[in-house]
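From first to last, the protein sequence lines stand for chains A, B, C and D. The numbering of the first sequence is the UniProt record's numbering, which starts it at 1 and goes up by one. The numbering of the second sequence is the UniProt record's numbering, which starts it at 1 and goes up by one. The numbering of the third sequence is the UniProt record's numbering, which starts it at 1 and goes up by one. The numbering of the fourth sequence is the UniProt record's numbering, which starts it at 1 and goes up by one.
Do not rely on the hints blindly, as some may be mistaken.
[Stated by the list, open to error] List time: in silico DSBU-like cross-link candidates among lysine-lysine, alpha-carbon distance up to 30 Å:
hint : chain 1 : residue 1 : chain 2 : residue 2
1    : B       : K429      : C       : K38
2    : C       : K222      : B       : K79
3    : C       : K222      : B       : K163
4    : C       : K222      : B       : K149
I should point out that these hints are in silico values taken from the structure, not numbers from a laboratory. Since this is a predicted model, take the numbers as computed values, not measurements.
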Amino acid sequence: MASDTSAAGSIPDNLSTQHIIKEGDQVILKKGKNIKVFQIKKRRQVWLEKAKFTLDGTIGHPYGTTFEVKNGKMIKVEKSILPEKEALAEGGKDNRDLLDQDSNQKLTRDDIEKMKKDGIKGKEIIDQLIENSSTFQSKTVFAQAKWIKKKKIKHLLEFTILKPSARLLCEMHHTKNPSRICFMRVDSLAQILSRGNVRAHSTVAVVDTCMGLVVGAVMERLGGFGKVIHFHQGITPVRPAMDSFDFPAEILNNLYSYPLDRVNSIESDQTKPDISSGTKSSNGAACVEKSPGEISSQSFTEKLEDVSTPSQETGEDTSAQGDTAKSVDMSTPSQETTSNVENTEDGADDINSQEIPGCSENMEIEEEDKPVKTDMEQRKRKGIDRETNRQLREQKIQEARDVILEKNIDCLIVACKFHPTPIVLALLKYVAPSRPIVVFGQYKEPILDCYEYLRKDGGMVNYRVSEAWLREYQVMEMRTHPVISMSGGGGYLLTATTVAKSDTPK
Amino acid sequence: MASDTSAAGSIPDNLSTQHIIKEGDQVILKKGKNIKVFQIKKRRQVWLEKAKFTLDGTIGHPYGTTFEVKNGKMIKVEKSILPEKEALAEGGKDNRDLLDQDSNQKLTRDDIEKMKKDGIKGKEIIDQLIENSSTFQSKTVFAQAKWIKKKKIKHLLEFTILKPSARLLCEMHHTKNPSRICFMRVDSLAQILSRGNVRAHSTVAVVDTCMGLVVGAVMERLGGFGKVIHFHQGITPVRPAMDSFDFPAEILNNLYSYPLDRVNSIESDQTKPDISSGTKSSNGAACVEKSPGEISSQSFTEKLEDVSTPSQETGEDTSAQGDTAKSVDMSTPSQETTSNVENTEDGADDINSQEIPGCSENMEIEEEDKPVKTDMEQRKRKGIDRETNRQLREQKIQEARDVILEKNIDCLIVACKFHPTPIVLALLKYVAPSRPIVVFGQYKEPILDCYEYLRKDGGMVNYRVSEAWLREYQVMEMRTHPVISMSGGGGYLLTATTVAKSDTPK
Amino acid sequence: MVCYQNYFYLPSYNSSIFHTCSFILNSKAINMSFARYKKKIEEGDTIILYLGYENMHAVTMKRGQTFQTKYGAMRHADVIGMDYGSKVQCPKGYLYVLQPTPDLWTQNLPHRTQILYATDISIVTMQLDLKPGSVVVESGTGSGSLSHSIIRTIAPTGHLHTFEFHQQRAEKAREEFWEHGLKEYVTVAHRDVCQDGFDLENIADAVFLDLPRPWEAMSSAKTAMKVTGGRLCSFSPCIEQVQRSCEYLRDLGFEEVTTMECLLRNFDVRTVNLPIVDMGPTGHPSKEDTSQNTDLKQEVTEQTTSQVKKLKSGNRDSTSQRELKNVPPCFDLIGKKESESFFFKTGITPTNMPGHTGFLTFATLYPS
Amino acid sequence: MVCYQNYFYLPSYNSSIFHTCSFILNSKAINMSFARYKKKIEEGDTIILYLGYENMHAVTMKRGQTFQTKYGAMRHADVIGMDYGSKVQCPKGYLYVLQPTPDLWTQNLPHRTQILYATDISIVTMQLDLKPGSVVVESGTGSGSLSHSIIRTIAPTGHLHTFEFHQQRAEKAREEFWEHGLKEYVTVAHRDVCQDGFDLENIADAVFLDLPRPWEAMSSAKTAMKVTGGRLCSFSPCIEQVQRSCEYLRDLGFEEVTTMECLLRNFDVRTVNLPIVDMGPTGHPSKEDTSQNTDLKQEVTEQTTSQVKKLKSGNRDSTSQRELKNVPPCFDLIGKKESESFFFKTGITPTNMPGHTGFLTFATLYPS
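So here's chain A without its partners, still in its complex pose (with noise of 0.2 Å):
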């Protein structure tokens, strides 16, 4: 067949290197709905559902490749063509005969972690746990489909290797630290970039205190057209979810950052001596006094500018956003907290991060040792002294200053732990007229407050706010209904159209 268009990709780009797992890549790795990013770095030892392997195995192979651990090796899957189909044995015709009891199973967990240690793969165990249940031949077709889908997911550690992407980054954040991404659900940022607009050729300015998950999917869209503005928290910019994107470096020279304690003086021309750590720290400790949670975010960016650590993935931080909640509302602690929703976020953060014992361990790896490529890591090179770094920051902020001053951004997204609406009547006068702007927020107070403030401030048309609800669903013979459990909120949306304020009319 034809095609006429140099893109269209007539040459079958076969596997070309970037589609080739190769040592220093970021990668993910997936197991069912557990994603987590790494770094390949041979004979390093990873931890991840309770088992410790290196990642060799895996390089050379094309990303999309499933592999198994055995004997602390990823060994690659050869798949089946029908991979969800089983030969289930002749089932039971209902449950009425089934008593409850402990003892259907004859294996004990004992001799099952034996056989794990021994190197025996998932599916033998699997199969030695049907010839060990009293009840499997006794429960219905589905009933048995069932059972050994649970088993599966339990006892066989395979993983599927795939490149870093804003969709699989969010699913991750967003099951593991919720808090750290202000609970972003993936299709509240499929919306923050669809009604943004984000596409080439566009000057994107973000607000982003979600670890740059939302600068990571804005520089994913724009592909290595158009620039990106970073307003960040602090001195210097942390985007860990960003760097996972693992970004070229023509991609992260789109990338801009200005901190968001200068947006004030956007405006006054001297290039001022960067005393602004005073005033950082003094606002951040009044955030600590006033709410415990922030400690930990807090905490994390010094750490971060003093001793260069960055293992920001401590569990600790996980209930942050949940102690904040609960700082005033305590005023009959003994009998009645109605803290059950909260109480069951942090539960689960928790028993995700212990789930995964090695969390915090891998992240550091992947930090500590990542090549050359962003701006954070290389102020970390130890021979660069402090005055250059500083030199180097004042640079490239005056840079992103001269973006700004261009009053010509094409979309504005505001995504962070702050109260939106300064930041928006801040930002809104270096938006270019017939654009749109985009306010995410956990909490739909805010979102009104700011949507009252843009009205009475004017210059903008198109508002709209809004809040989504994702469901999934099970499908499958005979048993395709909702998924059980669902997300109760993936956050509230502003969005708004500037026009010229000023214009004569015709």
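Once you've looked at the hints, dock chains B, C and D against the given chain A.
Chains B, C and D alone, transformed into the frame defined by chain A:
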């Protein structure tokens, strides 16, 4: 088979008198989602779905019978066993060859109207429509079925006559005038009753400005056992929705009424003269001044008092809620209102009331000649002078007061257009310990406020603030999916359980 | 497998298995804590110990017994005689003793099967038009979660006929109804209604089906319904059951066949302290600023630099006092803004909530 | 019926039907208002007239033409040369001229079929991992709603191959892409892919199917996908299509087959004035009142009697001034309570909203 209990009804209670449609009954006419209450009155014309007809033909038939309008009369429809299955013509494969045209139907609107006036049955009209459609044969089978269904709904004047119930009346009011029942969706009413543990032998206090719908639903659940105290606005209770239930006198005897403007003086002993009307109307006036949307309901009450013509079903009322909500938020009226949501509501209401032009007329008919059942009706009899009326009312109020002062209310339900917090705080002390309270509201914020004050006040446990989400499905072969249009909100609920407040431990 | 087709009506059972049962029942006093509200806790009452939100226990009172809570031991004897709703001091905290309602029971009952929860129960009760006097047929009984609510609503003049194909469960349910003082409102049968039908004719106002193959019971359900008609509900977790059920119901002449789902989202009411970012000192604004509303921005940021130190020592009251003077002049209706924080109340939505319980299919049988 | 299997690539078509087409196209200037942001409106640009929320029109600028709005006539010539985002005064009101985005186009495009709306489009774009450089295959083109968004995201280095079995629609879509300056990013084919396949091999990163029988195109879709794998999405309004699609996808070796639905609930932000009821004068409280918090009640009600008359004349400002003094002493964070009203901001949920658009089924093809 055997049954050992008296109530198990092994006597097949065939068509006992209560199952037969009689003159004077309040009945529901149901055509799909269109539900309307009428009183059966011989030779009285009713207007519905653009048709004018008498209900005489329904008398003597059992409830649940379906009738078709023919020549202005109700004729019983003999149902086929398979009402939903249609013999469909051979259909086309898909719509690739259909061109968009206006002239696919050869019959004009006038032709159809003429056929209807000539008394031609709906079934025949639809056959004519099929014959005169140039595209019907090339539609797919499913498109044909959909088309026929649409035409049936439009042209077949078939109504099923049903006994009023809380479910049907709530659905009716929620469709026709949701603002009058605080946008209470049927699932919210269901939850109010369940979470309030409303059951026989209970004493239930209901603050209801929802036309008495909640009072009626509670009385249905008490079934004549127990007591209901209706805390109402104004001097006398107005509850047309409750009147539609057509309760027999023995059930109405359990209903007590107490004016909200005397709640603060429940504990004080004296039987005051009825000066509260002064206070009330000044309160009313303030309301009117501040929110134009309140005018209609206020004037409605006054009309009742002065003119005794309860024509409360006027079209204008349906937009009352919308107006209230819009009152302040008009800063930039010309270009931007974001009023789509509210406008849609109003629009929908308007369409509804326009579609059924007989709406107010019929309700008037219905109210005017109702047999002497409710105290409201009794007062209207011309022979009774105002002073007797007042004394009678006062005596009833004192009876209600006696019930309240027992401080043994089993359930408090607040479902009204007022801010719930002061009301709940004022009435809580009359509720026995270990009893549920239920606060319903159209808006979330007052419910949160009420929760906060109750938490401060103490004396309760097991709080829950919730919102429900109701979704209907279309289940048809190859066309199963959630219904395309859904309700965006059914209201918010706060529930809690009272405990003994100053109980000495152990 | 053999299916027991016998009926075991409570007053007349005498098979050996029920001797055991009777023995258990006799060892406990029959109480009325479920049937009506009462003031005081009596021996034999099943009560709800409320320790906290979703931290409750259903306990049947028996002198001499002790219940262990996270606040320490609670002797039944100490509680018997107390008013319902009382606060009970335990060694390490306090709890409340509540009278059970069907809702509380549903939250605390021993699970023998998947159960229907409160939201679905409320919809079923409403959509089946249940009220005192209704005669209801239910299958299966399961753990009795819905049954308790049905009985609550149809008592004292209605009756529930409930069917369960699992013998243990039928017996256990019967025992519970007895213990809860509900025996006169309910008949429990151990029976496979799909195979053997309900064997009831023209007595039911409403039928509820929670079966894996509900269509197998629908014809018999129709027979059980009153000649004056009635309502039917079928609860199914998956859409395939719904599809087939709707088809069967229509074929059987049921009308108004509708399927719905209801999910409850709980809000955790919290005060949130959202930090207001420090955007630094204002420089000399170089150009015209067309925005009319820079008041707010300036207000916020200027306060920041001057008041940071005060804030550290200030307690809530002095802060909010000062706040009243410095508040932006606009008529603000959401929360409270201080120099560095926006305080507001919000209803936090749960990270995870039940996304599906089941589809509820309702249908009306009109008199033929 | 005959299905045209020819491809009509824009640069090379020469059948008679496309002469008409070319004629139309040539009569209009080709503009870039869709491809990139620009400052000024030029002749030939398609622009969005914004009259109010959900009251917009897409109009292609042509000197000499006039567009009628509810605010009166607007001459195109007056608008050409203006900046995008400008306010335009019409005889009876004003409007804004906006540059189109795919989102705005979706809201204002001429419907030739059911279309995908913004929320689903955003999910599809994200879940298919689209970005500049992606090669996408789409069927059917329909009204081009999704197509515009796909092109927006994959430009300037990607390409969309879109297929439509309805000839008129294929031509119209092609014409629109041309007019919108997007021709280099898209190839429109009139073709029944269910019958004849895509005839593409190993070029696509992503495939989107919106077909009544999507499974008929799935095998060919797999062939079209790159050997390095990719993502597929199938949009289906009903569950039966989803059930069959999932089965086919799994049989074809697709993995991570997931189905989801996303609904957007818009909030109408309003200030609500909820009346506070008058509960009458307080009598002599007879007994001990154990509540610690009667302040509020008394405050509210006592204000009522004394201040009713003042309120009638008081405007907002004087009211809120007084309010600051009489406000209950507690630290209130929701709205503002006056003697007779509780004012607060709320997001009103719509009475009716879209309850279903379609199910989105996604699947991954991993390299084999």
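We went through each hint and held it up to the structure:
A threshold of 30 Å between alpha carbons decides the hint, and for K429 (chain B) with K38 (chain C) the separation of about 18 Å falls inside it, so the pair holds. Using a Cα cut-off of 30 Å, the hinted pair K222 (chain C) and K79 (chain B) holds, with the two alpha carbons roughly 17 Å apart. Only pairs whose Cα atoms come within 30 Å are accepted, and K222 (chain C) paired with K163 (chain B) is accepted, the gap being roughly 20 Å. About 26 Å separates the Cα atoms of K222 (chain C) and K149 (chain B), which keeps this hinted pair within 30 Å; it holds.
Checked against the numbered hints listed earlier, the structure breaks none of them; every hint is satisfied.
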